[in-house]
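Heads up: the protein sequence lines correspond to chains Z and P, in order. Using full-length UniProt numbering, the first residue of the first sequence is number 1, and each one after it goes up by one. Using full-length UniProt numbering, the first residue of the second sequence is number 1, and each one after it goes up by one.
One or more of the hints may lead you astray.
Claimed, not checked - Here are the simulated lysine-lysine pairs, DSBU-like style, with alpha carbons at most 35 Å apart:
(1) P:LYS216 - P:LYS81
(2) P:LYS282 - Z:LYS155
(3) P:LYS189 - P:LYS282
(4) P:LYS282 - Z:LYS133
(5) P:LYS216 - Z:LYS155
(6) P:LYS77 - P:LYS216
(7) P:LYS76 - P:LYS216
(8) P:LYS189 - Z:LYS55
(9) P:LYS216 - P:LYS282
(10) P:LYS189 - Z:LYS133
(11) Z:LYS133 - Z:LYS155
(12) P:LYS77 - Z:LYS155
(13) Z:LYS55 - Z:LYS133
(14) P:LYS216 - P:LYS189
Stated by the list, open to error - Quick list of simulated restraints, FRET-style, between CB atoms:
(15) P:ALA263 - Z:MET129: 51 to 59 Å
(16) P:MET121 - Z:PHE36: 22 to 30 Å
(17) P:ASP120 - Z:HIS197: 41 to 49 Å
(18) P:GLY274 - Z:THR86: 51 to 59 Å
(19) Z:MET129 - P:LEU259: 55 to 63 Å
Don't read these hints as lab results, they were simulated from the structure. Ideal placement from N, C-alpha and C gives every residue a C-beta, glycine not left out.
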Amino acid sequence: MLSAEEIEGFADDGPEPTDTAPRDVVIDARDVELVFETNDGPVHALQDINLQISKGDFVSFIGPSGCGKTTFLRAIAALEQPTGGTLTVNGMSPDEARRSRAYGYVFQAAGLYPWRTIAANVKLPLEIMGFDKAEQDRRAQDVLRLVDLEGFERKYPWQLSGGMQQRASIARALAFDADLLLMDEPFGALDEIVRDHLNEQLLSLWARTEKTIGFVTHSIPEAVYLSTKIVVMSPRPGRITDVIDSPLPRERPLDIRDTPEFLEVAHRVREGLRAGHAYDD
Amino acid sequence: MRQAVGPVLAVVAAILVIWYFAAVWMNAAWTQQQAARAGTTVTFSEIVTDTMQQARPRLPAPHQVAVELWNTVVMKKVTSKRSLVYHGWITLSATLLGFGIGTGLGILLAVGIVHSRAMDMSVMPWAIASQTIPILAIAPMIIVVLNSIGISGLLPKAIISAYLSFFPVVVGMVAGLRSPETAQFDLLKTYNASRAQVFWRLRLPSSLPYLFTSLKIGIAASLVGAIVGELPTGAVAGLGARLLAGSYYGQTVQIWSALIGAAVLAGLMVGLVGVLQRVTLKRMGLSR
Numbered sequence: 001m002l003s004a005e006e007i008e009g010f011a012d013d014g015p016e017p018t019d020t021a022p023r024d025v026v027i028d029a030r031d032v033e034l035v036f037e038t039n040d041g042p043v044h045a046l047q048d049i050n051l052q053i054s055k056g057d058f059v060s061f062i063g064p065s066g067c068g069k070t071t072f073l074r075a076i077a078a079l080e081q082p083t084g085g086t087l088t089v090n091g092m093s094p095d096e097a098r099r100s101r102a103y104g105y106v107f108q109a110a111g112l113y114p115w116r117t118i119a120a121n122v123k124l125p126l127e128i129m130g131f132d133k134a135e136q137d138r139r140a141q142d143v144l145r146l147v148d149l150e151g152f153e154r155k156y157p158w159q160l161s162g163g164m165q166q167r168a169s170i171a172r173a174l175a176f177d178a179d180l181l182l183m184d185e186p187f188g189a190l191d192e193i194v195r196d197h198l199n200e201q202l203l204s205l206w207a208r209t210e211k212t213i214g215f216v217t218h219s220i221p222e223a224v225y226l227s228t229k230i231v232v233m234s235p236r237p238g239r240i241t242d243v244i245d246s247p248l249p250r251e252r253p254l255d256i257r258d259t260p261e262f263l264e265v266a267h268r269v270r271e272g273l274r275a276g277h278a279y280d281d
Numbered sequence: 001m002r003q004a005v006g007p008v009l010a011v012v013a014a015i016l017v018i019w020y021f022a023a024v025w026m027n028a029a030w031t032q033q034q035a036a037r038a039g040t041t042v043t044f045s046e047i048v049t050d051t052m053q054q055a056r057p058r059l060p061a062p063h064q065v066a067v068e069l070w071n072t073v074v075m076k077k078v079t080s081k082r083s084l085v086y087h088g089w090i091t092l093s094a095t096l097l098g099f100g101i102g103t104g105l106g107i108l109l110a111v112g113i114v115h116s117r118a119m120d121m122s123v124m125p126w127a128i129a130s131q132t133i134p135i136l137a138i139a140p141m142i143i144v145v146l147n148s149i150g151i152s153g154l155l156p157k158a159i160i161s162a163y164l165s166f167f168p169v170v171v172g173m174v175a176g177l178r179s180p181e182t183a184q185f186d187l188l189k190t191y192n193a194s195r196a197q198v199f200w201r202l203r204l205p206s207s208l209p210y211l212f213t214s215l216k217i218g219i220a221a222s223l224v225g226a227i228v229g230e231l232p233t234g235a236v237a238g239l240g241a242r243l244l245a246g247s248y249y250g251q252t253v254q255i256w257s258a259l260i261g262a263a264v265l266a267g268l269m270v271g272l273v274g275v276l277q278r279v280t281l282k283r284m285g286l287s288r
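Whenever a hint applies, use it, and build me the whole structure from the sequences.
Okay, structure coming up:
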């Protein structure tokens with residue numbers, strides 16, 4: 001487990017200089033800063049963000065609204081431009097990574113096209129990336145099986161429940177088989193029962209595909225249950241207050257949430273959130 | 001649709017009642033003048049009867065218009081110059097051509113406005129300004145200018161019609177092409193989609209509900225444009241020509257039947273676009 005201070009020390013004068021990051025580091029953020037210019041003056045959405053995410057990690061970003069967790073995820077996806085520091089994805093700039101289609105992004109709302117069937121929605125990125133028809137069909141079938149939506153290929157989004165729609169949108173992000181999956185509160189709008197179920201499915205999907213996942217949430221149990229690494233953030237300015245490497249095993253049944261280890265990690269997350277808040281006052 | 005029949009019939013009945021009263025009231029003066037000239041007196045019931053059957057009433061009674069419509073729509077061969085169907089087709093062909101030009105132009109301008117900031121800044125004010133000019137003022141000039149370069153007949157009328165119909169299409173399509181949420185554009189950006197891909201896969205399908213609404217307004221405006229285009233030229237055929245001829249010769253029954261004919265035509269066209277809208281959006285899964 002590394003505390004925020006240790007992480008920063010690692011970035012400043014640690015044994016790994018910026019240009020020779022370890023091979024399996026997928027996302028490397030050093031002193032990342034992002035300032036939005038607004039009419040009310042500059043807003044520090046991100047400040048002094050130092051973080052390394054390794055291949056195969058499941059990293060959750062947790063914090064109250066305004067802590068910059070979504071902004072950081074969007075910066076990784078090159079949907080926002082950092083105003084300072086360096087950020088690399090697969091050793092490239094985020095925009096180069098975007099252009100090489102390095103990641104799949106799952107938004108808070110499923111955002112399926114109402115005029116396309118589920119299968120056609122999943123094929124959307126494949127069409128854009130120029131996969132041939134047979135390959136599109138094969139991949140759509142594969143990823144829909146992966147998210148348990150076999151048999152719904154010809155349905156329209158409105159014929160599916162919210163949870164199923166979100167699963168379809170995950171399938172869409174998986175379709176082109178990027179190694180990195182970025183998820184921005186994908187289950188935020190769903191009820192607890194559906195959410196538990198989807199969390200379980202997501203873990204098994206992660207185990208099978210060995211993808212690296214960046215996951216934004218504001219639910220402590222969700223973050224602890226899913227992650228190998230939990231990044232606790234706090235607002236004004238958006239910054240990292242704690243990075244917790246989870247001691248939980250990769251294999252996680254839902255009832256792991258009642259074990260002392262789980263509760264201990266959850267407690268530490270809560271402490272981190274509280275510390276961030278106290279700092280703000 | 002079926003629930004609408006009752007209220008519609010009620011409104012039609014109310015209009016007919018008011019219309020009859022107005023016909024009696026407006027035509028009574030002429031009846032009394034005639035009686036005074038002849039040195040006779042007329043009873044109230046004679047006045048009412050007479051106001052229903054004058055040859056050139058100020059306001060023809062509904063049944064007079066109905067009879068005129070029956071005679072000019074059903075009883076005449078469609079090739080006859082006295083057939084309202086013949087005149088209606090002349091106007092309709094200009095309307096449809098103008099609607100086609102206007103819709104095409106409107107969509108092209110909207111695509112340009114959405115994709116180019118320069119066009120957004122420059123075209124939109126002109127499009128709005130174009131609609132503030134009274135069409136009656138500009139129509140004769142369009143006809144004269146086109147005529148002087150050898151273009152006459154259908155096209156000048158269609159251009160006036162397009163002049164009116166492109167505007168709702170531009171406004172509706174600009175809104176429609178911009179209607180997808182930011183997250184939808186972000187999603188396509190994560191796929192590194194080109195502008196053309198964004199247009200064909202996201203913007204255009206999203207804009208269709210807006211387009212159909214605009215088309216309904218546009219097609220009615222097209223008809224108005226085609227009729228107005230027939231007025232200043234002294235056209236010999238078309239609904240506009242019927243209106244003009246009717247007013248020259250005081251044929252109020254003819255004017256009113258041409259007006260009703262134009263209204264029915266507009267209603268049919270708007271209804272047709274509505275059917276097209278329902279079928280398309282249903283097939284696209286955008287309505288249910």
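Here's how the hints hold up against the structure:
| no. | hint | in the structure |
| --- | --- | --- |
| 1 | P:LYS216 - P:LYS81 | holds (30 Å) |
| 2 | P:LYS282 - Z:LYS155 | holds (14 Å) |
| 3 | P:LYS189 - P:LYS282 | holds (28 Å) |
| 4 | P:LYS282 - Z:LYS133 | holds (26 Å) |
| 5 | P:LYS216 - Z:LYS155 | holds (31 Å) |
| 6 | P:LYS77 - P:LYS216 | holds (31 Å) |
| 7 | P:LYS76 - P:LYS216 | holds (31 Å) |
| 8 | P:LYS189 - Z:LYS55 | holds (24 Å) |
| 9 | P:LYS216 - P:LYS282 | holds (18 Å) |
| 10 | P:LYS189 - Z:LYS133 | holds (22 Å) |
| 11 | Z:LYS133 - Z:LYS155 | holds (19 Å) |
| 12 | P:LYS77 - Z:LYS155 | violated (52 Å) |
| 13 | Z:LYS55 - Z:LYS133 | holds (31 Å) |
| 14 | P:LYS216 - P:LYS189 | holds (34 Å) |
| 15 | P:ALA263 - Z:MET129: 51 to 59 Å | holds (53 Å) |
| 16 | P:MET121 - Z:PHE36: 22 to 30 Å | holds (26 Å) |
| 17 | P:ASP120 - Z:HIS197: 41 to 49 Å | holds (46 Å) |
| 18 | P:GLY274 - Z:THR86: 51 to 59 Å | holds (57 Å) |
| 19 | Z:MET129 - P:LEU259: 55 to 63 Å | holds (58 Å) |
In summary, the structure is inconsistent with hint 12 from the numbered list given earlier, while agreeing with all the others.
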